[in-house]
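Those sequence lines, one after another, are chains A, B and C.
When you line the first sequence up against the working numbering, it's residues 1 to 857, in that order.
When you line the second sequence up against the working numbering, it's residues 1001 to 1457, in that order.
When you line the third sequence up against the working numbering, it's residues 2001 to 2156, in that order.
Rather than coming from a laboratory, the hints here were simulated on the basis of the structure.
For glycine and all other residues, C-beta sits at the position ideal for the given N, C-alpha and C.
Heads up, none of these hints are tricks.
Some chain A residues judged to face chain B by a derived CB distance under 10 Å, without partners named:
{"hint": "1", "residue": "588"}
{"hint": "2", "residue": "673"}
{"hint": "3", "residue": "702"}
{"hint": "4", "residue": "712"}
{"hint": "5", "residue": "713"}
{"hint": "6", "residue": "767"}
{"hint": "7", "residue": "769"}
{"hint": "8", "residue": "771"}
With a straight-line Cα cutoff of 27 Å, these simulated DSS-like cross-link-like pairs (lysine-lysine) come out:
{"hint": "9", "chain 1": "A", "residue 1": "768", "chain 2": "B", "residue 2": "1141"}
{"hint": "10", "chain 1": "B", "residue 1": "1436", "chain 2": "B", "residue 2": "1193"}
{"hint": "11", "chain 1": "C", "residue 1": "2095", "chain 2": "A", "residue 2": "768"}
{"hint": "12", "chain 1": "A", "residue 1": "399", "chain 2": "A", "residue 2": "413"}
Computed list of chain B residues with no C-beta within reach of chain C, every gap over 10 Å:
{"hint": "13", "residue": "1063"}
{"hint": "14", "residue": "1149"}
{"hint": "15", "residue": "1156"}
{"hint": "16", "residue": "1197"}
{"hint": "17", "residue": "1205"}
{"hint": "18", "residue": "1252"}
{"hint": "19", "residue": "1272"}
{"hint": "20", "residue": "1304"}
{"hint": "21", "residue": "1307"}
{"hint": "22", "residue": "1369"}
{"hint": "23", "residue": "1425"}
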Amino acid sequence: MENNRRDFLKILGIGAAAGMAGCSKTAPERLEPYVVPPEEVVRGHPAWFRTTCRECPAGCGMEARVREGRVHKVEGNPEHPVSGGGLCARGQAAVQGLYSPDRLRTPLIRDTAGKLQPASWEQALKAALEGLAKARSVRVVTGAARGALEELIREWPGAQHVIYEPVAYEAVREANRQCFGVAGLPVLRFAEARLIVLFSADVLETYVSPVGYARGIQEARRAGARILYHGPRLSLTGARADQWIPGETPPADLLQRMREVPSLAVAGDDLSDALAVNRLNSEAGALNRTVRFDRGSALDSAVSKFEAAAGEAVVVVEANPLHALPAALRNAAFVVCLSSCPTETTAAAHVVLPVHSPLESWGDYEPWTGIHCLQQPAMMPVFDTRETGDLLIRLAGLKHASFYEYLRARWRKLNPQADFEAFWAASLKLGGWWRDVPERTVALSAQAPRPPEPERQQGYRLHTYPSLTLFDGRGANRPWLQELPDPISQAVWDTWVEINPADAALLRIRTGNRVEVRAGGAAIQVPACVYPGITPGHVAIPLGQGHRGFGRYADGVGANPYLLGRGPVEIKRVSERRELVRVGGSDLQHHREIARSRTVPGESKPEPHSPLHDLTLYPEHPHEQHRWGMVVDLDACTGCGACITACYAENNIPAVGRDRVAQGRIMSWIRLERFFGQGTAESDPFQIDWTLVMCQQCENAPCEPVCPVFAAYHNQEGLNGQVYNRCVGTRYCANNCPYRVRRFNWFEYQRPGPEDWQLNPDVTVRTKGVMEKCTFCIQRIVAAKDRARRENRPLSDGDVVPACAQSCPTQAIIFGDLNDKDSRVSRMARNERRYRILEELNTRPAVTYLMRERRKV
Amino acid sequence: MSEATANLAAPELNYTSVDRDLVKTMQPPRRLYYGVLAALLAVIALGGYAWSVQLRQGMGVAGISSPVGWGFYITTFVFWVGIAHSGTLISAVLFLFRVRWRSSIYRSAEAVTVFAVLTAGLFPLIHLGRPWVAYWLMPYKQMGGLFPNFRSPLVWDVFAVSTYLTVSALFFFTGMVPDLAIVRDRSQGWREKVYAFLAQGWQGTNTQWKHYTAAYVFLAGLATPLVISVHSIVSWDFAMSLNPGWHTAIFPPYFVAGAIHSGLAMVATIVIPMRRIFGLDAFITREHLASMAKFMIMTGLILGYSYAVEFFIAWYSNNAYERDLFFYRAFGDYAWALWLLVACNVLAPSLFFFERVRYSVRWLVTICLLVNVGMFYERFVIIVTSLGRGFDPFTWGLYVPRWPEVAILAGSLAWFFLFFLLFAKAFPVVSMWEVKEQLPMPGGEAGRSAMAGKEHP
Amino acid sequence: MRTAVLIVPWLAAASFLGAQPSQPIAFSHKLHASQYKIECLYCHSGARRSPVAGIPSVQFCMGCHRQVNTTRPEIIKLRQHLDRNLPVAWTKIVKQPDFVFFNHYPHVRKGVRCQECHGPIETMTEVRLDHNLNMDRCTSCHRQNKVSIDCYICHR
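Next comes chain A alone, as it looks inside the complex (with noise of 0.2 Å):
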């Protein structure tokens, strides 16, 4: 009997052993070599190239970093004339674009039924090409294009050739045409000016050149200058200048101050805004220094209506004017669409042509008048797409051999001295190629005409205004930027009108109840943010969503207040359930100085706040070769978000969508912490505060000592480090720490093919049930390291430049050794405005804030 029992168990045990030890096995995985490797690819290390960004029509410097044919980043090109090295979120999010899972993969033509189907490109081409012989006439539709697209346009014999840009200034051009003769955008200088004087021109956000504009202008205010913002809304760039003056009325002693100083003024897209500010300019003797026409603009010639005539064709290339202009192509005969991703204006095509994205792409684009940017391909097409200017060249029965010869040829044309393969190659790999241009002056019209008196009007004036994350509408298919929450509303995958306190009382609108927002024959249903930042009896919305048709991440998110055009609304609340995501807590500090502002002149230098105790129970972390540290200048830091999204892409951040947003589950490491405030004095009007809050690697880390397996740990150069492989998901390091900088992984989240392309290869992909955080980007710092040892050199200050620092345009990240006494951050880290956040807990965090200035104006 016992003897069975025994060999019974011997059989269990050892079966049990032998069947675990079969199901270790996994599918075996594969290694595949190049069959004929790239020249100068090392496997591991990254290659760049520099080509432009074309997410707005900035034209910002770009460069790709590539590992083993894939883009997993893109980062601002530091030569760029235009932008320096910053790269706006949008720019960031180009990768989304690129890697979008629905963009399109086969040409498309409309069937007898009225149903796109999927055809061969001779099919498509063929009925492209007999749609176009059979028109009356050709319009072809581009965004911004300025350069060898715009000039191939031009060779198409009897095309007209539309630039469509739902933003295009033309009230600002307008007001320039009829003040100084050019109908066109001038060049502003904002690092000479030492007043700046915005007119609802939101510069730091979406306005013409936003990254390029933000880096002016923290150039200025390094040397002293004051930026004051007139307009009825304040806007992110509002509350970044020193002072908002609300309503329409300018203040009378203006141009007294703009002439004390170097000026600048600016104005946004209104026509009598835009004349005062011509005046103002004029008179302080601002024009000619800081605002200069030598320059056009690649939106000069743009337009933001237009209709198709009846009969026409119609060749859309990477533009979508059926977002803002349901009815433009109405009466077209014939539509061709070149997109790489699906939108109304495809969805609404005869033959849909798929095109290669931007980073797919040669191009060039010159966004100032010599300032040639030059576009090239980062990596082989994703899909089988095709080279826009190709399609184009065969569409138009042009006789060139491809774009890309064209583009070489127009490039020759342009510098003709030299030797041209050199001069090609110099190009691409500085990004381009920029010229002086002979300088040309203006003058302020003898019969420019007054600004006309703001018009009494019924209904709540309506403003609408180019998302900070969307622009006009094009970023909508990109999770990244849906998820980057509007710094003004804190709000996140949708659209919301912002109310005035005062008018949402006499409305009983609360934030987050449905309205409607009515313009004659339009409306549309959108949640109210009610936010004191905007004057009574106006009311703002952002443009960008309503979509349909532009892809899983855009389509029923928000709404389209294009529709409603520009004149008076009426609001009436619909319901009462509160339906706005918005990230946060509170909207107030609460006075526990998370982000510090001063008054200058006023308030004195000051008092960093001293910890309670210098004691720590365990003894002092020995830092022997590096220890890292940050610095966060809030009075450069301008809201723009694009460090939270250059960090999602270096890092593997998923987006989590609405829904688990709503639930507190955004998993954004660094991010934007907005606070109302008022000033000190009673009389001192509604502020805006911000700071921007990641791990703060403290010294004296509370989530170290309670992880229960040392998944939270101090490493040996003041970071404090999280093993994803050991994390068991107890949480306490999350509650224990009092920034809440901790993001918990809810969920295991899938990315849709390709998006799981664009994962930085250096960086752990987490699964669910782990703590994540920012680590200051240990990969970059790894990086560096080893660079440095390649070349036999000790690491120096600036070789290490985390994500968020890299891509901010106003560097109001500085990153570096605060072991090196005289590296940039430790001298920032000296500064006198210098405090830290919850000091008084004995953190010791590593990051160092500086405290944002007021200046009086």
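Take the given structure of chain A and dock chains B and C to it, following the hints.
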């Protein structure tokens, strides 16, 4: 009748009737038993299903989030660990203090302890993001040389709760040995074999009793400090953090008092129906229940004092974060929970000052249920308000439990009651040998002198 | 009974170590590294400067095999890969989980022999894992050689 029997109301109790009546509770059950068993299994299955959904999809199916990363699960964990303490208090501490009235209820109370710890032990697994690697909390040298972090209160919990389980289980089982022998002597067939195995050959000889009582005292002495230490260690899960409302030295005594309070309430909640169903009025008299009620007055007042001290110190400290948090607790989003728990934990048991209330079974059951609810919400308020109202106002947030958490809470209650249900039919729910200690020995004075050697402490 | 006790462990061992996954081309390290004494870093040049040692491309192999042993069936297979522009899908033998970022460069730089971790490759006709490359191996060598055992050097 000696003073020793003063607590027992039924004068006709004798050794034989004790054995007979208490072994009778282990007879095959009626239909109601099976009905309740099925219901409990169903609820446990629901909880299990909820956990399986959570394991498959991630912790996100629950309502916890940022900033409130701990919610129902940790509340329930502390709730059950707290309940466990009263059993040990009654069985070990009151034993060492020679309190007579504990004798008939301590078996059920100790059962409550063991089962509550078994229930509580589920929750560290349930609340983990990756429970399949929970064994990393065990003290062994992992590859790479890592032991668990002994500085972490969670690792202290591992030791505290597992020690508590071990000692309580040993104490529980050891205390049952003489009774198991009685059951063995009255059983047949396979049951006899099982109880014989469990009784380990107990014959009731002098030597055995001598060793036994020494062992019993030893185990009681070992279990006694655990009553204070285990829940103090669990309270350090909160006290060792820096959150306002958590970082306070009052937590160990506060939690221990709360634990005893909730434990007494749960023991009463179990014992009163059990008494009714099994007809144990002779053994568990109103005097016993009234004694428990008096104990609850004391623990309730300690709790009330602790709450008052917490609020006072928050104000007195002049620390803006503490003041703001306690203001939020009293008047903020969860104020309803705070006032509810004060009413249930402090005001309700104060009614026990009235003799009529103490001796009324209905009042007892009601107040004890209220105390259970109140003690659950006490932990809920501590956890959720402190996490949801931290230092940085931008991070403030709410917690709303979702169906998996409610299902698992219900499942844990069912799990606990299931153990008790099985226990009630497998083992004697009242300690026969300890009750008999209170009775005159059979054979009157002659019997007494015959058993003179059998002195028990 | 006795046979059962003998067979079962063998099956288990076989399932763990044996059942060697096959390679698409029967490349022999024994032939190339031992007999012809080709240095490791000649083919796996990435190890000299990059985290990834790399496997030589088809073009690289054809560098010799355009002339050498061109009629052997395995070389013909290789030639076909080049002609059809198809990469060779080698089966990965030396694997680390996703959360381990091993960097060849500092190890090669310090003079750690390939055989330390990869075993006596030059004796292998078919590459196999001679020993378990687990964390214990890494940390014990790091400790012995007084190199950092900071988690971040491998886990990011």
